[in-house]
Every structure is written in structure tokens, then in C-alpha cells.
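Could you slot chain P onto chain A? The hints should help.
Protein chains: 2
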Amino acid sequence: MHSESMNCNGHEKTLSSGIIGIEVYFPQTVVSLKELEKFDGVSQGKYTIGLGQDNMSFCGDREDVISIAMTVLDSLVSKYGISYGDIGRLEVGTETIIDKSKSVKTALMQLFESCGNTEVEGLDTTNACYGGTQALFNTLYWLESPYWNGKYGVVVMADIAVYAPGPARPTGGCGAVALLLGKGKEVKLIPEVQLRATHMENTYDFFKPNLSSEYPTVDGAKTISCYLRALDTCYSRFIHRAEGLTKQDNFSLQDIDYIVFHAPFHKMVQKSFARLLFNDFKRDPENTFFKDVQQFGNISMEASYSDKDLEKAFVTLSKALYEEKCAPGTFLAKNIGNSYTASLYGNLACLINEKGNDLMNKRIVLFSYGSGLASSMFSLKVIQSVQPIAQKLDMRTRLSSRIWMNPEDFTKTLQLREQRYGQMDYSPSNSIDSLLPGTFYLEQVNSIGCRKYNRK
Amino acid sequence: MHSESMNCNGHEKTLSSGIIGIEVYFPQTVVSLKELEKFDGVSQGKYTIGLGQDNMSFCGDREDVISIAMTVLDSLVSKYGISYGDIGRLEVGTETIIDKSKSVKTALMQLFESCGNTEVEGLDTTNACYGGTQALFNTLYWLESPYWNGKYGVVVMADIAVYAPGPARPTGGCGAVALLLGKGKEVKLIPEVQLRATHMENTYDFFKPNLSSEYPTVDGAKTISCYLRALDTCYSRFIHRAEGLTKQDNFSLQDIDYIVFHAPFHKMVQKSFARLLFNDFKRDPENTFFKDVQQFGNISMEASYSDKDLEKAFVTLSKALYEEKCAPGTFLAKNIGNSYTASLYGNLACLINEKGNDLMNKRIVLFSYGSGLASSMFSLKVIQSVQPIAQKLDMRTRLSSRIWMNPEDFTKTLQLREQRYGQMDYSPSNSIDSLLPGTFYLEQVNSIGCRKYNRK
Numbered sequence: 001m002h003s004e005s006m007n008c009n010g011h012e013k014t015l016s017s018g019i020i021g022i023e024v025y026f027p028q029t030v031v032s033l034k035e036l037e038k039f040d041g042v043s044q045g046k047y048t049i050g051l052g053q054d055n056m057s058f059c060g061d062r063e064d065v066i067s068i069a070m071t072v073l074d075s076l077v078s079k080y081g082i083s084y085g086d087i088g089r090l091e092v093g094t095e096t097i098i099d100k101s102k103s104v105k106t107a108l109m110q111l112f113e114s115c116g117n118t119e120v121e122g123l124d125t126t127n128a129c130y131g132g133t134q135a136l137f138n139t140l141y142w143l144e145s146p147y148w149n150g151k152y153g154v155v156v157m158a159d160i161a162v163y164a165p166g167p168a169r170p171t172g173g174c175g176a177v178a179l180l181l182g183k184g185k186e187v188k189l190i191p192e193v194q195l196r197a198t199h200m201e202n203t204y205d206f207f208k209p210n211l212s213s214e215y216p217t218v219d220g221a222k223t224i225s226c227y228l229r230a231l232d233t234c235y236s237r238f239i240h241r242a243e244g245l246t247k248q249d250n251f252s253l254q255d256i257d258y259i260v261f262h263a264p265f266h267k268m269v270q271k272s273f274a275r276l277l278f279n280d281f282k283r284d285p286e287n288t289f290f291k292d293v294q295q296f297g298n299i300s301m302e303a304s305y306s307d308k309d310l311e312k313a314f315v316t317l318s319k320a321l322y323e324e325k326c327a328p329g330t331f332l333a334k335n336i337g338n339s340y341t342a343s344l345y346g347n348l349a350c351l352i353n354e355k356g357n358d359l360m361n362k363r364i365v366l367f368s369y370g371s372g373l374a375s376s377m378f379s380l381k382v383i384q385s386v387q388p389i390a391q392k393l394d395m396r397t398r399l400s401s402r403i404w405m406n407p408e409d410f411t412k413t414l415q416l417r418e419q420r421y422g423q424m425d426y427s428p429s430n431s432i433d434s435l436l437p438g439t440f441y442l443e444q445v446n447s448i449g450c451r452k453y454n455r456k
Numbered sequence: 001m002h003s004e005s006m007n008c009n010g011h012e013k014t015l016s017s018g019i020i021g022i023e024v025y026f027p028q029t030v031v032s033l034k035e036l037e038k039f040d041g042v043s044q045g046k047y048t049i050g051l052g053q054d055n056m057s058f059c060g061d062r063e064d065v066i067s068i069a070m071t072v073l074d075s076l077v078s079k080y081g082i083s084y085g086d087i088g089r090l091e092v093g094t095e096t097i098i099d100k101s102k103s104v105k106t107a108l109m110q111l112f113e114s115c116g117n118t119e120v121e122g123l124d125t126t127n128a129c130y131g132g133t134q135a136l137f138n139t140l141y142w143l144e145s146p147y148w149n150g151k152y153g154v155v156v157m158a159d160i161a162v163y164a165p166g167p168a169r170p171t172g173g174c175g176a177v178a179l180l181l182g183k184g185k186e187v188k189l190i191p192e193v194q195l196r197a198t199h200m201e202n203t204y205d206f207f208k209p210n211l212s213s214e215y216p217t218v219d220g221a222k223t224i225s226c227y228l229r230a231l232d233t234c235y236s237r238f239i240h241r242a243e244g245l246t247k248q249d250n251f252s253l254q255d256i257d258y259i260v261f262h263a264p265f266h267k268m269v270q271k272s273f274a275r276l277l278f279n280d281f282k283r284d285p286e287n288t289f290f291k292d293v294q295q296f297g298n299i300s301m302e303a304s305y306s307d308k309d310l311e312k313a314f315v316t317l318s319k320a321l322y323e324e325k326c327a328p329g330t331f332l333a334k335n336i337g338n339s340y341t342a343s344l345y346g347n348l349a350c351l352i353n354e355k356g357n358d359l360m361n362k363r364i365v366l367f368s369y370g371s372g373l374a375s376s377m378f379s380l381k382v383i384q385s386v387q388p389i390a391q392k393l394d395m396r397t398r399l400s401s402r403i404w405m406n407p408e409d410f411t412k413t414l415q416l417r418e419q420r421y422g423q424m425d426y427s428p429s430n431s432i433d434s435l436l437p438g439t440f441y442l443e444q445v446n447s448i449g450c451r452k453y454n455r456k
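Chains as they are written, first to last, in this note's numbering: chain A, 1 to 456; chain P, 1 to 456.
Pulled out of the complex, with its shape left as it was, chain A reads as follows (with noise of 0.2 Å):
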């Protein structure tokens, strides 16, 4: 049995609702950040070994946060062979605000008016990079309650991640996923129902209060341990009813076949897996696992967030374990950069496209932290074959097909879109050849604001 709960009547119940597809999205344009170590001037291997990532998507003017979540959302449709007439519920997460009224969501519904399907609950829900989890997970109640109405529902994360001029730049990135969620026969990966597990509370660790910019405020240092923090806190949480759900008493990684994280850049998802064996160090010394890293044992957590040699220590030992449980989903991050919203599920999607058949019958834990903050640990547990998943995703071949840019002209286009932003009356100046058939785009936003797309 995969997953339990309780039923009205006490008794065991099998959850029925899943993920059935999964589809991703990021533009064709990419910049290397070794490029832009030396462009940047900066120390060689500050961008590529310092945050461990590889290369960065960004799109210029023709792109938005509309056009790459139609753009995902027409795919998934496509691929899985639905009909906008089959969802009924389609809930949009993202950050990258473009109006502080209307949603995402409603201008996802012009892609519904051939079939004339106009009763698609959800809408737009934020906290940084944890929108769309909270967005799944709503998706999942409706799924389970009395109120589904027997049709699809549709999560969509979508995030264009650009900052300004400086160290931060290095870790933005772009990118869109889709998630097909139903019942039955069809559903292929499934929440571990008890498997759950939730941190929130007030920080200022990254933010967007300056309304009239794209780009964050962001306490880098205060970030890292805010994430760190409440992966902590979700963890010992996750644990423990871990350890109710399994009746044992040394639930640890181990247990995990695989985990994906919320990715800001690739150096932070190796501190966090290291992290976690750390908190296992702290649940079980004397396991002869951890002999060598006895000196950290009267270590406080508060003075354990910022001590390198711990850090350190815990990174190398956890290095075979990171290889084979956690690796696998870390490839797409590395090769678009942080996608927000987008970034655990572009994760989860990298995984599956990775391992396909292996993950069967396989439990893969996922952490999703949003600055501000709000963070989960949740399980899913793979109930049958995702090969069919992997196939359509195909992501070695689209990342290996992407257009790549030079450092001075990947400035350029943040220039233009800092010019663009806030922006009204305009056609945008990119050209769309670099943009794939099938690709929706900015036509125009007329002089009050209205935005009007296109599709090559």
C-alpha cells in the first residue's frame, strides 16, 4: 500500500490523486556563466564553482510571465493529449508580479475559449518560491474532497528570476512547469499523505518591496540560513511522523530513495544535503557512519549554521549518498539557473527524465523553502512506471538545442527589459526568431496596460 489515511469512518482509505505529467518550459536563450566569470571580471570559478552552476536562461522582451506559462500549459495540453474542455481547476504559482490585480490565471483562460470551458477555479498564489507548492497542494484537497468535480487540475509555476548588476546576478535563471493532476488508473507519482510536513514565519531574508524594479532585495547571508533553518525545522518534523508512519525509531536518509530541492543555486542544494546528514549525526552519533565526524557533536545549531569546517566535513561525507539519491534531479538548475517558483518541480522533472524506470515503486522527498518565509518537506511515492513522463520531457535534447548568447549580450537584454519594465504603449524590439514553433510571445501592451500575445 503507497500512501494511507483515515476515512470517515476510521478506517484505512488509499489516496487516489496524483501527478500524472509533468511538462517544462525555458527559453532557447542561455548565457554561460563561465562567460560571464571573466565578462564579470571576477575570480575565475566564483560563478561555476562558488555557486556550482553551469549556465543561465533568460529571455528579453518577448517574453513574460504570461507568455512561458501559456507557453508550458499549451505543452502539457498537447503532449498529454487532453482538452482545455478535461481541467477544472487550474492554479498558477509565481513571483514575477506583472499586475497587482489580476492573475496569471485569468489570462491563461483565453487558451480555453475554443472549447468554451470557462469553469476553471484557482487562481495566483504567492510567497516567493514556495507559490506553487502551496498551489499543489490545494490541487491535491480539491482532488480528495467532495467538492472535485471529476475533471483535471492543472498546477502551473512559472518564474522569470533577474537581479540586478552585481553578485547576485549569476543566480537568475527562467523557467516554467507544468503539472497534470488527477485520479485513478492514470496517476503515476502519489503524495505520501502523512508525509508531510510545514515551516512558516516572518523574514525580510529576500523580498520585493520596491514595486516599480524586477528586481529582489536580497540579505544573501540571511537567506542561506533562513533555508538552512527551515530545512531544520521541516526535517525533525518529517521524522518523526516518518517514524510514526514506518514504526521505527531511526528513520534517516537512508530511508529516502531520492530528494530534490528547491534550488537558488546548485552550491546551496549539495550544503543542503549535507545538512541533513548532519541532523542524523545529532539524532544517532554513535552510528559507525559518522566516525569521523565525531568533533561536531557539542556543536549548538545556532553556531552550526555558519561553520565552514562543519560544512565542510558533512559535504564530504555525504558525497557518495548525494551522488546516488540526489544528483540525478540537479542538472536542469545547473544548466538554467534559478527558475523560483518553477525550480523544485524543473527538479523533480529532471529526475524522472534521469532515472525513468528506476524510480519505480521508489519514495522521493521534496523541500520547498520561499523566502519570507514559507517551507515544506513532502513525500511522493512513485506507483507506476514515469518512463512515459521522461520521454516527453526529452531534456538533454532541448537544453543541448538552446541558442547561447555572450555575456555583452545577455547585458543588453537586461538592460532592455529593465527599460521594458513597468513599461506602457509599446511593441516589443526582440526579435522572435530565437523562439521555438509553438512558443507564445508579446505582441503588445497598449497605453493602459493590456498585453496582447501572439504564438509562433
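Do not rely on the hints blindly, as some may be mistaken.
[Claimed, not checked] Lysine to any residue pairs mimicking SDA-like chemistry, simulated, CA-CA at most 25 Å apart:
#1 Lys222/P <-> Lys183/A
#2 Lys151/P <-> Gly244/A
#3 Lys151/P <-> Asn446/A
#4 Lys456/A <-> Glu201/P
#5 Lys222/P <-> Lys355/A
#6 Lys222/P <-> Lys456/A
#7 Lys183/A <-> Met395/P
[Said to hold, decoys possible] A short list of chain P residues far from chain A (calculated; beta carbon distances all over 12 Å):
#8 Glu35
#9 Lys102
#10 Met109
#11 Asp124
#12 Lys308
#13 Val315
#14 Leu317
#15 Lys319
#16 Gly356
#17 Thr411
#18 Ser429
[Claimed, not checked] Partial selection, computed: residues in chain P whose CB lies under 7 Å from chain A:
#19 Gly116
#20 Thr118
#21 Ser145
#22 His199
#23 Ser212
#24 Ile448
To be clear, the hints were calculated from the coordinates, so they are not data collected in a lab.
Since we're looking at a predicted model, the values are computed, not measured.
Yeah, the Cβ is synthetic: ideal placement off N, Cα and C, and Gly gets one too.
The following block gives chain P in isolation, referenced to the frame of chain A:
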């Protein structure tokens, strides 16, 4: 039986999740629209008769969307004698965006600190005035799903509606509502699960593309026709389902005991009620109730939206029904103005405040509209006395004890808000004298935009 759905075994199941309590907050400062008419030099009655509004709530630079959300949430928790530790989910509906990434929900987490409860799901949900309705639906799904953790769900709707000087300014307002949701014996209002209809489409009738201003972009005529078209569509779907549920073929307004609308301004509520009667007429033209409006039998739906004679005839015909079914839920909005996401639920609170025990076993239908656009019509059945809610609301006393400001001071206050919008590194200059004890207020915005609050 108040509400049914099928459970997993195909047997009828009674829903047990619904509304336990409601709290409303509005600022202490208020301006008379009669006085504003004189001050603005417009014809007498333009705001009071033309819009049907009496007074408008507003706030200075001491209150923002976070502070009013904190005030209403804390007041709900205190009046209903619950602890922050008892809340498992908190979702915010708002379109008063002061940060594009950090949610209002995470700011509310500061109230949970003292009891150490950080496991509180839910974020902000956005699409104009509809955000609170989706937040409510999401919370009901959670309560009815196997993911429910046994705790209360709370939905907070909070908005400050301000407009640029001109014809839209008198349609402003300010208010916040908190709904306490749960399961079982405490529930007083319960949804009728089958009686819900939704309509969403891509429109630009009212939106906020100018991110550096607090003011929206409004196409007044378009938003009225969008509202009425959405109302028609939802009502038609609602009727279809109601006829299925009640096994009758002539379900109409007569089968609805009370109805509350999202109220951008009071005249719109009267128009909307009359519009439902027009829909009933189109479905049952031979009914003798409609003998005086037979001349509108052949009008097209398209033409009907702008036909003033039709509107007048149906407003007249609906007068008695309106007084009985709709008027009791309208005096709050007439006295505080448009509170966007809070409007519909403030009107529900108002109906409860006015009718108390008379609502026992009655069907209340709600129509929610958010520009852009999202809309739903759904039904709540009163299954237990709502008199305790009415007593806690004590709305008339609270409304009558407000502080009357003159139009000059109102205008100066809005100028101050304009100046503050997006500003950083300041302490608000308005006195806190006018705030009631217990009200949260903004203490400081630092140089990077972090907000600090205090409590009177």
C-alpha cells in the same frame, strides 16, 4: 439534510466543514459621501443616489494591508477564545499588494510566535476582489480531505481601496474580514456542495499594471458589463445544479432565502439583484409575476446589458423581493465602501448581524466577483444559530462610534498615502489617537523596506 455528496463507496455523506465564526474590521476614520459631493463640486446625489453609497472608510499612513489583517485576525482569535496553536491553515485573500514576493500571510506569522506554532499552511491568493473566495474554497477542500490535520482553518480578506482623484474615488473603502473554519459540532454555516458555479475569463476591466501607484486602472462601464455577464453565467450554471439537487424544474430567486453580492458600490447590488430576476423572467416568461415586463421578452442578452429601461423595470419589479432577501446584507458596504476581497464576506457578516436567529435553516447564496476576471455563485445553509456570531460582530455600535473626518482631511490623508507609497526609511506621521485599543499599526519602514508593527 443540509448538504450531501457521495463518499468513496458511493453512499451519501453529509459535509461537516464550514464557517464557525466571522470577524470584521474597518478603520475608525470615515467620510460622508454627501459632504464629499459638495467638496468635489459634483451634483447633489451623484455619489449618494448615483452610487447608492452613504459613507466611506479610509486610513492614513498608520495602517496598511498587513496591520488591518493582523487586527482582524487577532480580534477573531480573541473573540472566539481560540489559541494561535489551534490554527492549522491560514490563507489571505488580498489585492492590496505592497510586496511582490513576500506574502501578507508570512507577516501574520508574527502573531503565532508566542505560542510557537509555525506549522501553518496557506499563502496569499490573488485576483482582484475574488481572492478571498478561492482562499475559502481551498480551506474547505483541506478540511474535507485526508490531509486535514485536525486544526482550524482561517481565511483573512483585507483590502484598502483607493482611487486617483476623479469619478472613481468615491467608490473606495477599506475593510478586513476573518473567517474561522472547522469541522463538526461548532459549524454554523455549511456549504451546499453541489450548489456552486464558477466562471473565469481573460478581461482587462479593472487591473493594476502601474506597480508604482496604489491606484488601479479602471474601465467602469466595462467592469459593470463584465460583472453582469459573469453573474448571468454563474446563475445559469447554479440554477441548472439547483434543479438537479432539488429535483424541480423551476428553481428561481424564490428558492433562495437570502443573497449577498460583492459590492463595488451599492447601486451595483440593486442592479445585480434585478438582473437575477431578469434571468428568471427569460426562463419563465409566462409567470404572472412578470406580467408588467413582457415588452422585454425578445431582447437579446447582449443588448440587455445596456438597456436602461429594462434595468429600471426590473429594479422596480424586484423591490419587495430585494428588501426581503438582499437589503439586510447591504448596510456595512454602504457605510464603509468597497473593501474588495473583504466586501462579500463583510456583507455576509452584515446579514448575520441584522437577521441573527431568523437565518436558522435558511439558504444564503453568495456571488463573488473579481475583475480580470473570476466569479462564483455558491450557497451556504445555516445549520445552527448564528446569534453568537451576530453578538460578537455588534456592527451597528461599532459603525456609529467611528470618527467623522471632513473631505479636506480625507483628501489630505490620501495625498499622504500617495507620498508614502513605495517610500522607505520613514516613520508614519499620522497620530495613533484615532485607533481603537488593540489595533495594530505601522511603526516604521526601514531603509530597505522591512516593516515593523506595534499594537495600541
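12 Å Cβ clearance of Met109/P from chain A: 5 Å, violated
Restraint satisfaction for His199/P [CB to CB of chain A, less than 7 Å]: 5 Å, holds
Per-residue hint verdict: Ser212/P, partner chain A, C-beta under 7 Å: 4 Å, holds
Minimum Cβ distance from Lys102/P to chain A greater than 12 Å, as the annotation requires: 4 Å, violated
Cβ separation check - Lys319/P to all of chain A, threshold 12 Å: 32 Å, holds
Given as non-interface: Thr411/P, which should sit over 12 Å from chain A by C-beta: The assertion about Thr411/P holds, with a minimum of 23 Å to chain A.
Interface hint outcome for Thr118/P [beta carbon to chain A under 7 Å]: Hint holds; Thr118/P Cβ to chain A Cβ min 5 Å, cut 7 Å.
Hint check, Gly116/P versus chain A [nearest Cβ-Cβ separation less than 7 Å]: 11 Å, violated
Interface restraint verdict for Ile448/P against chain A (beta-carbon cut-off 7 Å): Interface hint status for Ile448/P: holds (5 Å vs cutoff 7 Å).
Leu317/P non-interfacial with respect to chain A [C-beta, more than 12 Å]: Its Cβ never comes within 12 Å of chain A, the nearest being 29 Å, so this holds.
Distal placement of Asp124/P relative to chain A, Cβ over 12 Å: 5 Å, violated
Restraint outcome when Ser145/P is required to lie within 7 Å of chain A by C-beta distance: 4 Å, holds
Against the hints set out earlier in the document, violations occur for numbers 1, 3, 5, 6, 7, 9, 10, 11 and 19.
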